[in-house]
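Novice: Heads up: the protein sequence lines correspond to chains A and B, in order.
In terms of my numbering, the first sequence has 387 at position 387, counting the first letter as 1, and numbering is strictly consecutive.
In terms of my numbering, the second sequence has 288 at position 288, counting the first letter as 1, and numbering is strictly consecutive.
No wet-lab data here; the hints were simulated from the structure.
Predicted model only: the values in this text are computed from it and were never measured.
Misleading hints may appear alongside valid ones.
What the hints assert, rightly or not - Here are the simulated EDC-like cross-link-like pairs (lysine to aspartate or glutamate), alpha carbons at most 16 Å apart as the crow flies: (1) Lys-432/A x Glu-33/B; (2) Lys-432/A x Asp-145/B; (3) Lys-133/B x Asp-482/A; (4) Lys-573/A x Glu-585/A; (5) Lys-582/A x Asp-613/A; (6) Lys-582/A x Asp-553/A.
What the hints assert, rightly or not - Label pairs and their computed distance ranges (CB to CB): (7) Met-333/B x Asp-553/A: 55 to 61 Å; (8) Met-333/B x Ser-285/A: 37 to 43 Å; (9) Met-333/B x Glu-137/A: 42 to 48 Å; (10) Asp-463/A x Trp-61/B: 35 to 41 Å.
To be verified - Per the computed footprint, the stretches of chain A lying under chain B, defined by three or more beta-carbons under 8 Å from a beta-carbon of chain B, are: (11) 197-211; (12) 446-452; (13) 459-471; (14) 480-494; (15) 526-537.
Think of the CB as a built atom: it goes at the ideal place given N, C-alpha and C, for glycine as much as any other residue.
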Amino acid sequence: MNFSSFSSSPTVATEAQTVKRVKTFALPDKCFEKRIGCAWRRGNQFGIYPRSQNVNKTTSDTASKTDDKILNIRQNIILFTPILRKLVNEANGTFLSVQKLVETSKSSDNQVEFLKLSRQYRSIIRVCIESLQEAAEKETDGLEKNTLLSYITIFYSIECIWHLCEILYIDIIPGEVVLPFLLEWVRFHFPCHEQTAAQLLEACERGSEDHPEYWDTVIGMVVQGRVDVARALLKLHSTADANEFKLVDNSLRSMPVYSVYGGISTGEFTISWKHWQAECRSKLSSGVLAQTPQLELIMRLMTGEYSAFESIRTKYSSWFDMLGGWLLFTAPWARRRELGAAGAACAALAAGAPASRASRLDVAVRALLEGDLHQLIHEIQQISDNGWFASHLTDMLYHCGKLQILDHQTDVTSRLRDSLILEYGSLLMEHKSLWSVGLSYLSFCQPEGPKRAELLLERLPIDTEAKAMRVIAEAKKYGLVDVAQSISAVMGARRLGAGGAAGAGGARGAGGARGAGAALAWGARARCRALCARAAHAALRAYCAERALPAADLLLSAGAALLIDDTLLLLGKYCDFHRLYKNREFRKAAKLLISLITSNIVPEYFWSTLLLDTLPLLETDEPVLSADDTYEIMLCLELRSTCLSAEKADLLRLALARNLARTALIDVDE
Amino acid sequence: MGELATNNIFESQTIVADHKDLIHDVAYDFYGERMATCSSDQYVKVWDTDGQGGWRLTASWKAHHGSVWKVTWAHPEFGQVLATCSFDRTAAIWEEVGDTTASGSEKGLRTWVKRSNLVDSRTSVTDVKFGPKHLGLLLVTCSADGIIRIYEAPDVMNLAQWTLQHEIPTKVSISCLSWNPSLSRSNSNPPMLAVGSDEPNNVNATGTQSDKVANNEKVFIYEYSESSRRWTRTECLSSVVEPVNDLAFAPNLGRSFHLLAVATKDVRIIKIEPLPESSSATNGSAVRFKTEVLAAFEQHNSCVWRVAWNVTGTLLASSGDDCCVRLWKMQYMNQWKGVAVFKNDAASSESTAPARAHTTYTRLAAMANPAHMPYH
Chain A
1 MNFSSFSSSP TVATEAQTVK RVKTFALPDK CFEKRIGCAW RRGNQFGIYP
51 RSQNVNKTTS DTASKTDDKI LNIRQNIILF TPILRKLVNE ANGTFLSVQK
101 LVETSKSSDN QVEFLKLSRQ YRSIIRVCIE SLQEAAEKET DGLEKNTLLS
151 YITIFYSIEC IWHLCEILYI DIIPGEVVLP FLLEWVRFHF PCHEQTAAQL
201 LEACERGSED HPEYWDTVIG MVVQGRVDVA RALLKLHSTA DANEFKLVDN
251 SLRSMPVYSV YGGISTGEFT ISWKHWQAEC RSKLSSGVLA QTPQLELIMR
301 LMTGEYSAFE SIRTKYSSWF DMLGGWLLFT APWARRRELG AAGAACAALA
351 AGAPASRASR LDVAVRALLE GDLHQLIHEI QQISDNGWFA SHLTDMLYHC
401 GKLQILDHQT DVTSRLRDSL ILEYGSLLME HKSLWSVGLS YLSFCQPEGP
451 KRAELLLERL PIDTEAKAMR VIAEAKKYGL VDVAQSISAV MGARRLGAGG
501 AAGAGGARGA GGARGAGAAL AWGARARCRA LCARAAHAAL RAYCAERALP
551 AADLLLSAGA ALLIDDTLLL LGKYCDFHRL YKNREFRKAA KLLISLITSN
601 IVPEYFWSTL LLDTLPLLET DEPVLSADDT YEIMLCLELR STCLSAEKAD
651 LLRLALARNL ARTALIDVDE
Chain B
1 MGELATNNIF ESQTIVADHK DLIHDVAYDF YGERMATCSS DQYVKVWDTD
51 GQGGWRLTAS WKAHHGSVWK VTWAHPEFGQ VLATCSFDRT AAIWEEVGDT
101 TASGSEKGLR TWVKRSNLVD SRTSVTDVKF GPKHLGLLLV TCSADGIIRI
151 YEAPDVMNLA QWTLQHEIPT KVSISCLSWN PSLSRSNSNP PMLAVGSDEP
201 NNVNATGTQS DKVANNEKVF IYEYSESSRR WTRTECLSSV VEPVNDLAFA
251 PNLGRSFHLL AVATKDVRII KIEPLPESSS ATNGSAVRFK TEVLAAFEQH
301 NSCVWRVAWN VTGTLLASSG DDCCVRLWKM QYMNQWKGVA VFKNDAASSE
351 STAPARAHTT YTRLAAMANP AHMPYH
């Protein structure tokens, strides 16, 4: 489950914050006015029931009919919606690639590879957003549509944050000068005015200022750092040849742009850039532009004037739009780790805007710009994607070596990463088909992951044999042998039970041969002695009742597996006896039967069958049972005469006597 | 950008249990696919999921001649087996019989047969629990007169035969017990039980604190010694001195210590760490464990009735007299924090449509203003 999994910093978290974080949910109906109880089901589901603890009363007259409602509560997991399945599966693939990359090359620098994988994650999100958009367009049900739209919002924000995170932590930036990347981020995620600009440029008419959004567009382009576009737009103004326009155009054109490969050092660039801005400032103070307030505003923006940015803030839905421009006109040389101040300045712009409660996206972006990854992860955990984002991003940053979280001077980074992955993996384990994906996450969190997997895997509801085999295969893949055995044992027990366990006096497993056969197969898989014994007994009893041996082929090829249990061994050998008899290898069959009779592993109820099986062997044309064998059978018969009816016993005695007569003088060749 | 943090959406589903009296216990089976309920109306009911998220009543029978306090499932390896305990001084073992794969009209009908009646107790049997499966088919009961009984079915094929292996007198009324689910059978982790007493504290005893403290302890740990073949009390948790209503060991997850949740006047999470043999030897036989109260949550503001762990022991649910169910979670730094509260919504009462047996899940609204929750 993805609850708020840690506090921003333990020392700051006040009582009030704690209260706020604990969400309260209202239960429907008025069913719980007295005491209540709770019981966990599995995963994120539990039950609530009204409950009385009073041990001293047997019945209560006060109990009203409203008291017997049971509530099942479960968390709504959006990742389980079918449309997001692809996201879960594909992200799993990338996650596994990340783990593999870490494993294969521990020492070398994998920045490029990591960047590729990070982009892969982002493209997965984008594909997901696209399919959501498609679905939302088709959806006619208002409520459903709303849900889809809210998913789009969620994943859109995720992509936005991930992209910024990639720029600031994963991407390889020459000279660490982040501005071009940041501008790209802004343009990509906040493409305001772009369409208008394109329209205007396409029309290419002089006097475009009649367009109602002309100036907003020009300013927008300036703020986004698209100087060329802004200049082109300015040229479309009817008085573009005026002095003021030329002045601004000139300033825009001459703005120094930093490039690592430009051959000048940051220091030199800084000097020339400052010189340029000073020029702009002097032009501004000369008052040339006072007649055209829009141009003056552009110039003010170019000089990095805070009030100018403030004045246009209301035109944008968020402060992110301004971030690129602000940086461009105040500190274009800023490195990745030096963005905190810019973030703070732009966020402060937001504070002035109406209805500006800092949203989670705001806080997350601020945290990113300030380099506070701890805060970032805390924020993104609140996003209701059930931990998808937090776990994958944290894992990525962790493996890139960019995550360093300290708690009282101890490095807890790996613990944080593990806890997120564990949560996410456990969550997926609850799903009826995503469980194997969950398993792969858990396996990358030693040592707790496999332990959790053991508990969760064993509890996967298994409705078919095929599913059981799949779960067992997965369990073996991750070395969870105990789980594999346990599932086999349960399946065996189930087959035994299904065979019709109704029997008086509690004797169980006297069911049909088919159930026993299946149970035997499961028992052998589980290497479970008790189950094998139960199944073997069931099979023998079934044979006594129905004269059909279950799973003969299995038993004949079982080999050493038979040694697990005496009864199973008996069953196996008895099967072999049948095979030999059918193949008319009477001599061998007789030997085997005698060894079974003398082995002392035969259960009481099976004696009659075994003894009667000697009858045809005693009556063969050629004697196959020696005199000694006959004595052995006689002994058994007399010791256990109660097993057989008097008539059958007499028949057997007669046959024994006749065989003894034939073999007394000329014994069977050993 | 809109609001992203519509996190922690919970849904609820109402099932009308239709017991004629108060429900005392609800237990889910190993997979969470079946649910057993028991009540003061002396009936036990079994519910199965219908595959579409709903629950269907598949069996209902009069199980005892008194209130049925607890119901519990055996591991599925032993078949479909339930144990119940009752005010009528007995505990009973039930097994489902009949072809569970039958189709048609027969499908809905399941029969549970009483395989054994355990009649050793002279007082109300307050709790019953099957032991961890690696120990075989074990059952422990406790009764109001303070006797813990451990039964074993030597032949798992014959549930009619249970032998009383151990009788452990505790001299205080026992209300609840829990097996330590730890999987290892090594010397450091022998079979372990925790029992809790709901005996009210003797008012007179509080006068002379120093020598009476021992009498006020409510949680005891018992361990089985392979060599002496006896269960012995190896620890009394001195930190719990109020009547205990429920306790539960968390799944171990390979930790070197055990976690015990205790429902008393507050929700407690207690860490029980076995000390290495050497250190306990130097102190004589006295100290087996180091115990530490990791958390004591008083948010219920009242008596806490139940504590329940999720499968992996990462979330603890507790319920109390304040009619709230609260969820607690361990953070990655091992602190425990409250993460959600479920509360009767007084405002929207009685307005909902009459509940049907198979209602689908409905989304739970978050309370309008959580800050209005009483918090102290």
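Novice: Does each hint fit the structure? Answer for all of them.
Specialist: Going down the list of hints, with the structure as the test:
Restraint check: the Cα-Cα separation between Lys-432/A and Glu-33/B comes to about 12 Å, which is no more than 16 Å; the hinted pair holds. For a cut-off of 16 Å, the pair hint linking Lys-432/A to Asp-145/B is broken: about 45 Å separates their Cα positions. Distance hint between Lys-133/B and Asp-482/A is fulfilled; the C-alpha atoms sit about 12 Å from each other, no more than 16 Å. A hinted pair counts as satisfied when its Cα atoms are at most 16 Å apart, and Lys-573/A with Glu-585/A qualifies at roughly 15 Å.
Taking the CA atoms of Lys-582/A and Asp-613/A, the gap is near 13 Å; set against the 16 Å cutoff, the hint holds. At roughly 14 Å between alpha-carbon atoms, Lys-582/A and Asp-553/A fall within 16 Å of each other, so this suggested pair holds. Remark: the range hint 55 to 61 Å for Met-333/B to Asp-553/A is upheld by a beta-carbon distance near 57 Å. A C-beta distance of roughly 56 Å is found between Met-333/B and Ser-285/A, which places it outside the suggested range of 37 to 43 Å.
Met-333/B and Glu-137/A have their C-beta atoms about 45 Å apart, which keeps the hinted 42 to 48 Å range intact. For the pair Asp-463/A and Trp-61/B, the supplied restraint of 35 to 41 Å is violated, since their beta-carbon distance comes to about 26 Å. Three residues within the 8 Å Cβ limit are the bar, and the region 197-211 of chain A against chain B gives 0, so the coverage statement is violated. Restraint check on the region 446-452 of chain A versus chain B: 4 residues with Cβ-Cβ distances below 8 Å, three needed, restraint holds.
With 4 residues having a Cβ less than 8 Å from any Cβ of chain B, the region 459-471 of chain A passes the three-residue criterion, so the hint holds. With a cut-off of 8 Å between beta carbons, the region 480-494 of chain A has 6 residues touching chain B; three or more are needed, and the interface restraint holds. Coverage of a stretch by a chain is defined here by at least three residues with a beta carbon nearer than 8 Å to that chain's beta carbons; for the region 526-537 of chain A and chain B the count is 4, and the condition holds.
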